[in-house]
Amino acid sequence: MSDNDTPETETDGGTGIVPPDDETPTWSERKERSQGLSRLTYEYFERARREDQDLRQESSYVERDVLGFPAWPHEMIRNLALSSFFIGMVLFLSATLPPEMLPPADASSTPSVILPDWYLYWSFGLLKLGPLNPELALLGGQKLMADRTYGVLANLVVVGVITIVPFLNKGSARRPVEQPFWAAVGVFGVVFAFTIAALSVKNLVPIGSHLLFDLTFLLPFVFGFITYAVLKSMREGYMFTLNRRYYRLRPPK
Amino acid sequence: MSLEKKDEHDHEGWMEERDLTAVEERYLAILMWLDKRLRLVDYLELLEDMYYKVNLQMPKSHTEQYGLDNKFWYWYPLYALGSFSTLAYLIAAVSGALLGFYYAPAAAASAGDPTVAYTSVTSIMVDLNFGYMLRSIHRWSAQVMTAAVFLHMLRVYFTGAYKEPRELNWIIGIVLISMTMVFGYTGYLLPWNQLSYWAGQIGVEMALSIPLAGEWVAQLMFGGFTLTQATLQRMYILHVFFLPFLVTALIAVHIGIVWMQGIAEPH
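First to last, the sequence lines map onto chains Z and B.
Using our numbering, the final residue of the first sequence is 253, and nothing's skipped along the way.
Using our numbering, the final residue of the second sequence is 1267, and nothing's skipped along the way.
Isolated chain Z, as found in the complex:
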């Protein structure tokens, strides 16, 4: 709203859209009156924005010069198709495989098989790690904690380890071939989830319980090592192709 109506030169190409320029009030100008922490926040925002802009200008990244893949109808129809298929699958399953109703709760008769739902088998299996609970010589052959405490602790440890994965494995590698070790760790985890689940239902698995217990810990390592070996041998070829594509797109100066 300029009082003096001097015609300004058009810089927006007729679109009416003008990017923020030097005359646009900055955050610190807008919030000059604020004090203390909020003031500090806006000052930081200002710095961050400037940093962002500088990074954009100096980097070689490509801005969109064509319209993107249209959300409507292409993207929406694909999503609708997939969603309908998925809902259809759920309805099909529920129509063909309805749940059974078991006998009512009875505190006086213990069923021969006690099981949680399938997705908790791994956790249930971890409760049965009593044989691994060390008897410490320091405590005169006593166990540091009860077997069941040990099992609950094992659950916490597993969840904790999964949680800190992003802080252990850094870097920009994405494909398993780029990081055979971490892919092997992943395969170890998946196989262990299955074997520990099998351990939790051991009275339903037709293997001797000692063999099953050994296999529970052996198989994940076996599969992990196989994954590592395979990916390691694939790695060279893959990295060659990746690098070739990278340097084709950005030829060295």
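If you are wondering where the hints come from, they were derived from the structure by calculation, not from laboratory data.
These numbers were taken from a predicted model, which means no experiment stands behind them.
Hints should not be assumed to be uniformly reliable.
Partner residues aside, some chain Z positions facing chain B, computed with beta carbon under 8 Å [said to hold, decoys possible]: (1) Met101; (2) Leu120; (3) Met145; (4) Gly186.
Among chain Z residues calculated to face chain B with C-beta under 7 Å, some are [unchecked claim]: (5) Pro111; (6) Ile114; (7) Tyr119; (8) Gly208.
For each residue, glycine too, the CB sits at the ideal point set by N, CA and C.
Mind docking chain B on chain Z? Use the hints.
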């Protein structure tokens, strides 16, 4: 020119010295009146800011830049697992709300031997029109959601999508997957049949084996050291009140962060 200091905020005077039409004058008067009371200018500023942001040129995504569309769409089913679990969550929410109309969380025995909870579930399955299907849909959508969530986690792990700057979302995901399992566990207990009862027994024993805080946790979650009416009531409230709120809010945050950060695309 008067010596009096000019009042910068004299909007009326400013209006008079402009040559305004009647419409503009009315408009400005209303705008000022509202602005004085509601601080509209702040919101206009926000809107203006958003307008510029929306019209910014977005950078090309990784897939676009390196022509990896073929790779991305090839793996697309795996990348859709997150939305599938959200979808299954919604189906479970709707069917669960409908089931809630007919279910009663009472462990007290009715006339015969089975408890009220058990008989209400059987009556949903046997007497209610479409009730068996409803329970079946609820159960299957829960199963499918859990499966989808597990596979989603594997996909994120093996494509390295948890790496910087997405660590926070990985941790939120871990919380969500745990809560999904608690959702499943509490739901598993509600029919109060043999398996529910003995799974509940295992839960109490797990809670009791936590060092120091064990008894307190058992009291809090299960309402005692043996399974009673209090246990069923707590499981019910967890299943239909606490968890829905928490999980829905966390899913919103989880998806919001994905929206802000963009999908970690394959290389």
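Hint check results:
1. Restraint check, Met101 of chain Z versus chain B: the minimum CB separation of about 6 Å is within 8 Å; hint holds.
2. For Leu120 of chain Z, the suggested interface contact is upheld, since its CB lies about 6 Å from the closest CB of chain B, less than 8 Å.
3. For Met145 of chain Z, the shortest C-beta to C-beta distance to chain B is roughly 7 Å, which falls under 8 Å, so the interface hint holds.
4. Given the 8 Å rule on beta carbons, the hint for Gly186 of chain Z holds: about 5 Å separates it from the nearest Cβ of chain B.
5. Because the beta carbon of Pro111 of chain Z sits about 5 Å from the nearest beta carbon in chain B, less than 7 Å, this interface hint is met.
6. Of the supplied interface hints, the one on Ile114 of chain Z holds, with its beta-carbon coming within about 4 Å of a beta-carbon of chain B, less than 7 Å.
7. For Tyr119 of chain Z, the suggested interface contact is upheld, since its CB lies about 5 Å from the closest CB of chain B, less than 7 Å.
8. Interface hint at Gly208 of chain Z: violated, since its Cβ lies 25 Å from the closest Cβ of chain B, which is beyond the 7 Å cut-off.
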